[in-house]
Amino acid sequence: MDFISILSIFVLACFVGYYVVWSVTPALHTPLMAVTNAISSVIIVGALVASAAAGSPLAKVLGLGAVVLASVNIFGGFAVTQRMLAMYKKKEKK
Amino acid sequence: MDFISILSIFVLACFVGYYVVWSVTPALHTPLMAVTNAISSVIIVGALVASAAAGSPLAKVLGLGAVVLASVNIFGGFAVTQRMLAMYKKKEKK
Amino acid sequence: MAATPETVRKLSALGAKLVVESGAGKGAGISDDDFQAAGAAIASADAAAGAQIVLGVQGPDPALLGGAAPGAWIVAGLDPFGQRARVDAYAAVGLEALAMEFMPRITRAQSMDILSSQANLSGYKAVLVAANLYGRAFPMMMTAAGTVSAAKAFIMGVGVAGLQAIATARRLGAQVSATDVRSATKEQIQSLGAKPIFVENVAGIEGEGAGGYATEMSSEYQKAQAELVSSHIAKQDIVITTALIPGRAAPRLISDAQIATMRPGSVIYDLAVAQGGNVEGSVADQVVERHGVKIVGYANTPALLPADASALFSRNLFNFLSAFWDKEQGRPVLDEEIGNAIRLTQGGQVVHERLKG
Amino acid sequence: MAATPETVRKLSALGAKLVVESGAGKGAGISDDDFQAAGAAIASADAAAGAQIVLGVQGPDPALLGGAAPGAWIVAGLDPFGQRARVDAYAAVGLEALAMEFMPRITRAQSMDILSSQANLSGYKAVLVAANLYGRAFPMMMTAAGTVSAAKAFIMGVGVAGLQAIATARRLGAQVSATDVRSATKEQIQSLGAKPIFVENVAGIEGEGAGGYATEMSSEYQKAQAELVSSHIAKQDIVITTALIPGRAAPRLISDAQIATMRPGSVIYDLAVAQGGNVEGSVADQVVERHGVKIVGYANTPALLPADASALFSRNLFNFLSAFWDKEQGRPVLDEEIGNAIRLTQGGQVVHERLKG
Amino acid sequence: MEHASSPWVGLAYLVAGVLFIMALRGLSSPGTSRAGNRYGMIGMTIAVATTLVTHSIASLPEIAVAIAIGGGIGFIIARRIQMTAMPQLVAAFHSLVGLAAVLVGLAAYANPEAFGILDAQGLIEPQSRVEMGLGIAIGAITFSGSIIAFLKLAGKMSGAAILLPGRHVINLGTLLAILGLVGWFTQDQSAWVIATITALSFVIGFLLIIPIGGADMPVVVSMLNSYSGWAAAAMGFTLHNTAMIITGALVGSSGAILSYIMCKAMNRSFLSVIAGGFGAEAAAGGGAAKEQRPWKRGSAEDAAFLMKEAENVIIIPGYGMAVSQAQHVLREMGDVLKANGVNVKYAIHPVAGRMPGHMNVLLAEANVPYDEVFELEDIQGDFAQADVAFVIGANDVVNPAAKTDKSSPIYGMPVFDVDKAKTIFFVKRSMGGVGYSGVDNDVFYMDQTMMLLADAKKMVEEIVKALQH
Amino acid sequence: MEHASSPWVGLAYLVAGVLFIMALRGLSSPGTSRAGNRYGMIGMTIAVATTLVTHSIASLPEIAVAIAIGGGIGFIIARRIQMTAMPQLVAAFHSLVGLAAVLVGLAAYANPEAFGILDAQGLIEPQSRVEMGLGIAIGAITFSGSIIAFLKLAGKMSGAAILLPGRHVINLGTLLAILGLVGWFTQDQSAWVIATITALSFVIGFLLIIPIGGADMPVVVSMLNSYSGWAAAAMGFTLHNTAMIITGALVGSSGAILSYIMCKAMNRSFLSVIAGGFGAEAAAGGGAAKEQRPWKRGSAEDAAFLMKEAENVIIIPGYGMAVSQAQHVLREMGDVLKANGVNVKYAIHPVAGRMPGHMNVLLAEANVPYDEVFELEDIQGDFAQADVAFVIGANDVVNPAAKTDKSSPIYGMPVFDVDKAKTIFFVKRSMGGVGYSGVDNDVFYMDQTMMLLADAKKMVEEIVKALQH
Ligand SMILES: NC(=O)c1ccc[n+]([C@@H]2O[C@H](COP(=O)([O-])OP(=O)(O)OC[C@H]3O[C@@H](n4cnc5c(N)ncnc54)[C@H](OP(=O)(O)O)[C@@H]3O)[C@@H](O)[C@H]2O)c1
Ligand SMILES: NC(=O)c1ccc[n+]([C@@H]2O[C@H](COP(=O)([O-])OP(=O)(O)OC[C@H]3O[C@@H](n4cnc5c(N)ncnc54)[C@H](OP(=O)(O)O)[C@@H]3O)[C@@H](O)[C@H]2O)c1
Ligand SMILES: NC(=O)c1ccc[n+]([C@@H]2O[C@H](COP(=O)([O-])OP(=O)(O)OC[C@H]3O[C@@H](n4cnc5c(N)ncnc54)[C@H](O)[C@@H]3O)[C@@H](O)[C@H]2O)c1
Ligand SMILES: NC(=O)c1ccc[n+]([C@@H]2O[C@H](COP(=O)([O-])OP(=O)(O)OC[C@H]3O[C@@H](n4cnc5c(N)ncnc54)[C@H](O)[C@@H]3O)[C@@H](O)[C@H]2O)c1
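Residue numbers (UniProt numbering), protein chains in the order written: chain A, 1 to 94; chain B, 1 to 94; chain C, 1 to 357; chain D, 1 to 357; chain E, 1 to 469; chain F, 1 to 469.
Derived from the structure by calculation, the hints contain no laboratory data. Any given hint could turn out to be false.
To be verified - Calculated cross-link-like contacts (lysine-lysine; reagent style BS3-like; alpha-carbon spacing at most 30 Å):
| no. | chain 1 | residue 1 | chain 2 | residue 2 |
| --- | --- | --- | --- | --- |
| 1 | E | K465 | F | K264 |
| 2 | C | K10 | D | K235 |
| 3 | E | K345 | D | K186 |
| 4 | C | K10 | E | K345 |
| 5 | C | K235 | F | K264 |
Said to hold, decoys possible - To list a few chain C residues with every Cβ distance to chain D over 12 Å, as calculated:
| no. | residue |
| --- | --- |
| 6 | E6 |
| 7 | D113 |
| 8 | K125 |
| 9 | S255 |
Stated by the list, open to error - The calculated label-pair distances, taken between Cβ atoms and stated as ranges, are:
| no. | chain 1 | residue 1 | chain 2 | residue 2 | range |
| --- | --- | --- | --- | --- | --- |
| 10 | E | Q448 | C | E227 | 53 to 63 Å |
| 11 | A | S23 | F | Y370 | 52 to 62 Å |
| 12 | F | S430 | C | E6 | 34 to 44 Å |
| 13 | E | Q385 | F | Y445 | 34 to 44 Å |
| 14 | C | Q286 | D | G23 | 43 to 53 Å |
| 15 | D | A299 | C | D285 | 46 to 56 Å |
| 16 | E | L172 | F | S29 | 55 to 65 Å |
| 17 | E | A191 | F | W8 | 32 to 42 Å |
| 18 | D | E337 | F | Y370 | 35 to 45 Å |
| 19 | E | Q448 | C | A234 | 50 to 60 Å |
Beta carbons are placed, not taken as given, at the ideal position from N, Cα and C, and that holds for glycine.
Pulled out of the complex, with its shape left as it was, chain A reads as follows (with noise of 0.2 Å):
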């Protein structure tokens, strides 16, 4: 993969991001925070990575921990949205 592709793709998420997010309900920031935050935790990604080399005890280590960090981000960003949005669920009748 060369740098301008990884470049274009970027910029081209940022559009999309900006995009996205443009238009939100503002009793939606909250939740809409907590799901990025739990998204942004792909970082996980490069912590398995790091993990499941052999090579760096160190490295591993390091990875395991941000795995753990990570990990409380994912499975709490994501069960902690859910319990927001469940309160807007009341009124279907729309």
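Following the hints, put chains B, C, D, E and F with the ligands in place on chain A, whose structure we already have.
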């Protein structure tokens, strides 16, 4: 450039396209179409490659033909858009 | 007032010469001087001598018209059914009597339609008079001393007068409902934000009816209507009745028994009193009280708004004369459609269809 | 009416025994039977014998009160400045006279404030009466027979009555402007959608003033006001004046010369006529005509809406009695703030500050 | 290709792509639209310049001439064309993009080396063959479809939907054949395959658009626009060119969304329109009145946009406003317009509504100031200066038949000269509904009239919403 | 990394990225929000599974344990936490992402081979060093910044803005030092460089957030959210991982935009908030009343959202509604709510406004039906069932001091029990303004109260606009 990068770019650009247009004012539909038309003439890049390359005279002729067609579009498209947009100019007071 | 300084000026501009009876403008706050300033001459009542067109609110006494030119026009609200003798007298002296209330309800004649212009004012004034006689306030007021609830007003007959009555009562804050026999009025009532009360199971008059007028209803309908009204009227504070059937006596809409069910202090205004009244017991030009309910019956309600009534009436006459004005002859010439509709007498004869039959 | 069947019932519930003068409810559409049904006894006018509290609209004739218990309360609108002699008479026979119009303008006393409740009705009624006397329609109407332009109404003095007058005139479709000396009213006028007309260069009363009342203005202000009014009033069709200064004669706001500039047929309603009038030439309880302008001067305008006036007045009295009702003693006991404000006489003496001075 | 060049080239193409995104973004609102157009031009310049710089410029003169010819033609057409001919011009331009895509595809087939898509065996890479085949097919469909759209819009071909018998079978068969051939192409790169693909695609483009009625043409043009984007994207895959991929995807998806939005605004089913040949009855136009006289339907957004940009707007209320009790929201619309610097007046006809002064009561209730309300004589002269006449629930009072048609029941009544206004918006519930007098109204069918068919209150609410965007 | 694996891996990461996009998209409107959350979970599962599958699974047990521990903790916290503690929880979570990014960066430094970022000389590629350095720095800032935000939100640290003297110089210096070290790192990959970068970044995160006041914390949290995204993106560059890049960029940009939107809604300058330490006086909170009692500011969108979802809404108009002549648009708001199935009532206090019946005149003018208008005694009992009490321009008539405070000038007046409603919206122009009686109102500071500070008419117009979205 591997296929996945290209695909990623493609997919993300589709998202951007979707969002960009979603909130357009109906009165701008026609100018918007004219501009996208002009922009899609970016195919001229392919035409230029074909015309510039030595090797196949057939390809060259085809390429040059494509260059002509695309140029009509590029110049025509942007110019016509400008004309249409000029109509909306008059009231700058806001 | 059949002319105001404004229409005098406009008529003079057409080329007419005008003479105004002295003191005619008093009720509407117009002095003789104003008329003179507008270009009219002032004369005493018998000054019709030599006139080619005599304008009036009501038909003038034929005795005063001795001097008018033969074939001269009398243009006024002539009440042909009520004042038949007078019409005959006009015919006898060879005058051409034109009854403005027979103006057909066609689009181009709208600006000459005295019934509309006067009915409009009646509707407004009826509500004002009723509000003034009513011992409470119309609008809802929630105050520190307690709540005054909104008056309930019911308008019966939703022609021009009824619609204006609805509008005025709503303006004053009353809760307004209304009824009519013509189904087209349902939407019109709603268009003024009021509530239509209609007989549901018996057919009324679909659409606008012939020329926009109502006819007499079947007895079945009348019964259904009476029932509906009975249940509704007991809760009303103000009732304005405007129902008319052209050429006939006004339909009886409210009986004495129904009045007895109303709350003492309520007010009924019978705008149809001159045509026999919609309300049992209403008396022309009097406020009578029955079962504690005041029943108002002014025969000429628009006259309670003299200035506007004159302005609009005279404008109707002017619109009429100017629409048919023939420059060359220096006088108006009628066309067939409208001429036949309003002309009562001509060449010494009563010529109108409805008067001959 | 100082009591209605409704308040009679409520007072009885508090534990009071009530006697009502026979025929008292007639004007407001209430019969003696209604009172009896609500739990009151009916008696003739001199039945105050033994009463501990006498309720009235105005102060009753002291002669009729002979039988009242010593120290009994007289609760009514007593007009202490106008009827000083009567107050002294109450003191003489040892009654405790409570003037409801002296109720302080504090929040918790709002529901007992007869001035507010009656002024509110006056404002409404004044506009209705004026509209009825006016020879034209209030609202703008663009019709086939021509346009009736909207009446221009000007409200002078924007207290409770003035505000309600603004609201009512606007409802009827008039173009409304208003003026006052208190700057806080500017926003209040706008809050009803009307146009404020204010003296710009001379300071008026900033804010709400002491207790919400106005005081007499400087002569400089008066001059500026007169000029402003002169230029404005000539264009008005309807003028309602409500300006009062507590304890003083009403300020003179409109001079005869100004009236002469108005269009004939215009109407002025002077709500301050009982306090001397805001309008030169206004006469209590008469409609006079000056320069073709009708000037209305009913001294007791709320009485023209007898049913509501009674309902609100009696509710004020009830709110007053019940707020201070002492269960144990079976009678009301006043606190200092309100007691001192309204008590005129006690123990044979005139005790009120403003009457002693 | 790119593999040979510096990262700066890739960056340049990326920048071009981003500029195109910004171009479309700009075009989505009037205020930024001109800037958007400029971004587009810059992007295109960068893309072209980068390509020229990175390729042997031996052929520069020919290329320059080709660009000059094409550019000249395009420029002149753009200058000369009448504003009313815009839709067909856009369709015509689309056909060119389609054709250009076909030519580029064929050129790539003829000279795969130049495009860097040869594999070790000197054959075209299979993946590139698919891309090439799809690119050519989409390009050809765009071309022939746009030609039909152009002819229909320009009135050179009947706007009516032309429904061939058995078209569903034919269309489906042709499409499957094209896809099959593209598949075959990966195995066999003979010229006949690509030639057949091209030919069949021209045919299917034609077949797909023919059955669509004139009223739906704007949607079709937008859809073809989208196709031309996909064609460009396919070529971009072949060339591994970021600018082409981004742009192609952008144009492709935005075109598709735009057609969707347009369908929604016109109350048409998106599927039935794009399926064209497949959708059956959908083709019956929404633009033809029951009288078969043509009229234009507007949307709340159109009305909002044009009134916001106007200097003078005259509102003509009638009985329909009263029926739907639209007075309050109408006043609000007036307020918003005034806040935007528009001069708003209400024109009240003496017999508007069903009682004398009907409109006055309602407008007063809604607090419309008296000085914005004018009677007929006072405002008649203003229509010539009005940018917009907004007729809401009135009908007879603006009917020119009253002036011209002696046989009309309303002959002789004075009426508002709304036809003097630059644009007329006419709010009523349906084309079928008539006024009190029951006669048809020529104003519906005027060039400058847009019908806003809905309940008056709902429509004005929509307009207010659109105005506040 | 990827170079070694099949294209399916890349595709899987792309799919994960797209799912994340759809997750955020879903979260932008209530109707689709739950689906959005689910997309996010699926995307994350795909990303994790793909990574595990493509890497030697020798360490699987350890990893499984690590995930189980982390997941368990996260899950339990999420279940147990109180709804009111959400903001600080989100901040705490952010700090974890930041720390994880730091750890991953350090791991990559420790074992570059595993990350495939070694060049021919066995050194870390310079480009990767920059990415790594930036990733660690951003991660560290996110970590320490979020810790501060957490402490402030949880009330464990004064919410007041803490302004160090000379902080501008210190902050700027530290930031420059970090950037310089990242540059240096490309030349010298010694451990001290990366260690110093990490340490300094922790410090600057701390310094940047400390000076920001409690009222601005939500914006800060969103901004930190954005940072965590950029950190993930930086790591994605290092790993050439599409999922990480897309997600990082997505989170980064959406977080930034979100903070911007929040600032706008709060009428705060975006720059002064994010510049935090640099912005000077901006730190004076908008959330602290002049009385220094805390209150919450709501937006039109909040009001629209909550009222649309409500069963019962009671509107309490007062003098302010009259002043701004908001009656027409208020009625419209009621209409829209009713169309959404909400039960709307108007509560009229006997002395609301400035004259008896003031509210009645205005509501009647706006055509509010009489049967929706209730006097005090009739509606007092309904507040307990009301989801929303919408106080518009009223003040004294809802002031609980009238019931409790004998010294208050309004003591003894009956007032509406708005405090019994689940949520109170209070429309007035400023916190400073008082009612007729000139006294402060405890309702402003209640937990369930949101102040809507604006002219009543404007605010209701905004709400109507928001309701119609
Ligand atoms: N003013 C008077 O005193 C008076 C008295 C009697 C008769 N008239 C007559 O009434 C007519 C008045 O003319 P006008 O222009 O006011 O009205 P009109 O000619 O009667 O037309 C009313 C229009 O409103 C539309 N409409 C009805 N309900 C609607 C709704 N809810 N939303 C949107 N549009 C609606 C109707 O079309 P759709 O059905 O398609 O919606 C129709 O086009 C004149 O012919 C006049 O002679 C007047
Ligand atoms: N009804 C009567 O007869 C009568 C007569 C005289 C006195 N009073 C007294 O008046 C008071 C009535 O209470 P109330 O609750 O109706 O009103 P209020 O207590 O006077 O409060 C008015 C509120 O409206 C706000 N406001 C003013 N203009 C505004 C605008 N344009 N947009 C938004 N908000 C605005 C003010 O705050 P901001 O300035 O911050 O915007 C204030 O909070 C009572 O104290 C009563 O005793 C009543
Ligand atoms: N097109 C025009 O030029 C024009 C001009 C003016 C009026 N009009 C129309 O003419 C129609 C009649 O108006 P008008 O005011 O002269 O009518 P009117 O004075 O003759 O009658 C008043 C109303 O009473 C109603 N009525 C009769 N009998 C009734 C009964 N038993 N119960 C209840 N209601 C009863 C009638 O239907 C009518 O609506 C209206 O629809 C009006 O809009 C048309
Ligand atoms: N808080 C309460 O409990 C309460 C209750 C009722 C009324 N009020 C307030 O009290 C105030 C007075 O009300 P009111 O109706 O009893 O007043 P009022 O009857 O004493 O006077 C009527 C109006 O005339 C005005 N005025 C006096 N001199 C004037 C002049 N020269 N020119 C023009 N205007 C002049 C006064 O300012 C006042 O507005 C009002 O502001 C009202 O809102 C308060």
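Comparing the hints with the structure gives:
no.: 1; hint: E:K465 x F:K264; result: 21 Å, holds
no.: 2; hint: C:K10 x D:K235; result: 25 Å, holds
no.: 3; hint: E:K345 x D:K186; result: 28 Å, holds
no.: 4; hint: C:K10 x E:K345; result: 28 Å, holds
no.: 5; hint: C:K235 x F:K264; result: 55 Å, violated
no.: 6; hint: E6; result: 9 Å, violated
no.: 7; hint: D113; result: 7 Å, violated
no.: 8; hint: K125; result: 8 Å, violated
no.: 9; hint: S255; result: 22 Å, holds
no.: 10; hint: E:Q448 x C:E227: 53 to 63 Å; result: 54 Å, holds
no.: 11; hint: A:S23 x F:Y370: 52 to 62 Å; result: 39 Å, violated
no.: 12; hint: F:S430 x C:E6: 34 to 44 Å; result: 53 Å, violated
no.: 13; hint: E:Q385 x F:Y445: 34 to 44 Å; result: 55 Å, violated
no.: 14; hint: C:Q286 x D:G23: 43 to 53 Å; result: 25 Å, violated
no.: 15; hint: D:A299 x C:D285: 46 to 56 Å; result: 29 Å, violated
no.: 16; hint: E:L172 x F:S29: 55 to 65 Å; result: 37 Å, violated
no.: 17; hint: E:A191 x F:W8: 32 to 42 Å; result: 34 Å, holds
no.: 18; hint: D:E337 x F:Y370: 35 to 45 Å; result: 37 Å, holds
no.: 19; hint: E:Q448 x C:A234: 50 to 60 Å; result: 56 Å, holds
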